[in-house]
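Protein chains in written order, with the numbering used here: chain A, -10 to 178; chain B, 4 to 105.
Be aware that one or more of the hints could be misleading.
Claimed, not checked - FRET-style restraints, in silico, Cβ to Cβ:
hint, chain 1, residue 1, chain 2, residue 2, range
1, B, Ser101, A, Leu146, 25 to 33 Å
2, A, Val93, B, Lys99, 24 to 32 Å
3, A, Gly92, B, Leu84, 23 to 31 Å
4, B, Thr102, A, Val50, 53 to 61 Å
5, A, Val144, B, Arg91, 21 to 29 Å
6, A, Val50, B, Leu100, 29 to 37 Å
7, B, Glu8, A, Ser81, 47 to 55 Å
8, B, Asp96, A, Leu146, 26 to 34 Å
9, B, Asp94, A, Ala114, 50 to 58 Å
10, B, Asp96, A, Ile(-6), 46 to 54 Å
11, A, Val(-5), B, Thr102, 50 to 58 Å
Worth flagging that the hints you see were computed from the coordinates, not collected in a lab. Given the structure is predicted, the values throughout are model-derived calculations rather than measurements. Every residue, glycine too, gets a C-beta built ideally from N, C-alpha and C.
Residue-level listing of the chains:
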Amino acid sequence: MGNFIVWVVWVVAAFACLASALAVITFTNPFFSALALIGNLASLAVLYLMLSAEFVAAAQVLIYAGAVMVMFLFVIAYLGRQGDAPWAGGPSWQSLAAVGAAGVLFIEIVVALGLKAGGRLSDEAAIDVFFGSPHEIGRLFLTDHLLAFEITSIVLLVAAVGGVILGSHARSGQPVDSAPLEVQEGRSR
Amino acid sequence: MMGPEVNAYLIVAAFLFATGAAGVLLRRSPLVVLLSLEIMLNGANLALIAFSRRFGELDGQVFALAVMAVAASEVVVGLGLIVAIARRRLDLDVDKLSTLRG
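If we strip away everything but chain A, and leave its shape as in the complex, we get:
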């Protein structure tokens, strides 16, 4: 019975994940794309929980769905409605080639997995209850992966400085902040 429930949760989460990923790249309105990506992140968090990655699942919901996607939605709201259908503009062979390239990528990954892994991935390692807990992850971050931890902080610092510079640079050049909203909306139509 427990096995059955696990499978039901997995199938629902996996299909929600795949469907929302397809929705992100097919919606015309970027606002709906961002909302679909939030659903994608939430269903991915369920998959992480089933892989006993509790801390990563919590961080996923907090950082991605909480912080990053709110920033996305703010920028989309700031830019106004900019419709962009996936098949509009550009020759159709480009669209077909893009989908074909993505399909080839998928087949390549699956074939490489099948060739390299075969059936050797089926038996999972035994883990204790502390696997994936904040305590264990924090210990690894501050012992084995200290360098990666510090480099991550530098990457975040550089990104923050870059964001500030990108945001304040245009203000010193031309008076762009005085752009009336009608102009922006008229241009996007």
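For this one, chain A is given, so just place chain B on it according to the hints.
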């Protein structure tokens, strides 16, 4: 074992990665390109965590957290660029923003 095997998670991760790649190649709005990039990064994260569970080592989860930090930085810089482009009244279309083409 209970539940699906790691192979199933890896197939989902591969599909996510391919879907994100299709979005990056298909769409011309840089906003949606950024969203598709997030899907690709999440596919890689799912594969990392699935392998971490398979081998019972937490290193994969640690690396997935580092990938999330990189993704957040990328979004900050990408959205900053998009806002800067929009302020200069340029079209938000990755096909038309080709000034830096070599």
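C-beta pair Ser101/B, Leu146/A: status relative to the range 25 to 33 Å that was hinted
At 31 Å between Cβs, range holds.
Between Asp96/B and Leu146/A, does the beta-carbon spacing fit 26 to 34 Å?
Given range 26 to 34 Å: holds, Cβ gap about 32 Å.
Could one say that the CB atoms of Thr102/B and Val50/A fall in the range 53 to 61 Å?
violated (39 Å)
Using the beta carbons of Asp96/B and Ile(-6)/A, state whether their distance is inside 46 to 54 Å or not.
At roughly 47 Å between Cβ atoms, Ile(-6)/A and Asp96/B fall inside 46 to 54 Å, so the hint holds.
Kindly confirm whether 21 to 29 Å is satisfied by the beta carbon distance between Val144/A and Arg91/B.
For Arg91/B against Val144/A, whose Cβ atoms are near 27 Å apart, the range 21 to 29 Å holds.
Is 50 to 58 Å respected by the C-beta to C-beta distance linking Asp94/B and Ala114/A?
holds (52 Å)
Between Gly92/A and Leu84/B, does the C-beta distance stay in 23 to 31 Å?
holds (30 Å)
Against the range 24 to 32 Å, how does the distance between the Cβ atoms of Val93/A and Lys99/B compare: consistent or not?
Given about 27 Å between the Cβ atoms, the range holds.
Regarding Glu8/B and Ser81/A, is the given constraint of 47 to 55 Å on their beta-carbon distance met?
Hint violated: Cβ distance 39 Å, outside 47 to 55 Å.
Mind checking the hinted window 29 to 37 Å against the Cβ distance between Val50/A and Leu100/B?
For Leu100/B against Val50/A, whose Cβ atoms are near 33 Å apart, the range 29 to 37 Å holds.
Holds or violated: the 50 to 58 Å window for the beta-carbon distance between Val(-5)/A and Thr102/B?
About 52 Å separates the Cβ atoms of Val(-5)/A and Thr102/B, which means 50 to 58 Å holds.
Hint compliance for this structure: hints 4, 7 are not met, and every other hint is.
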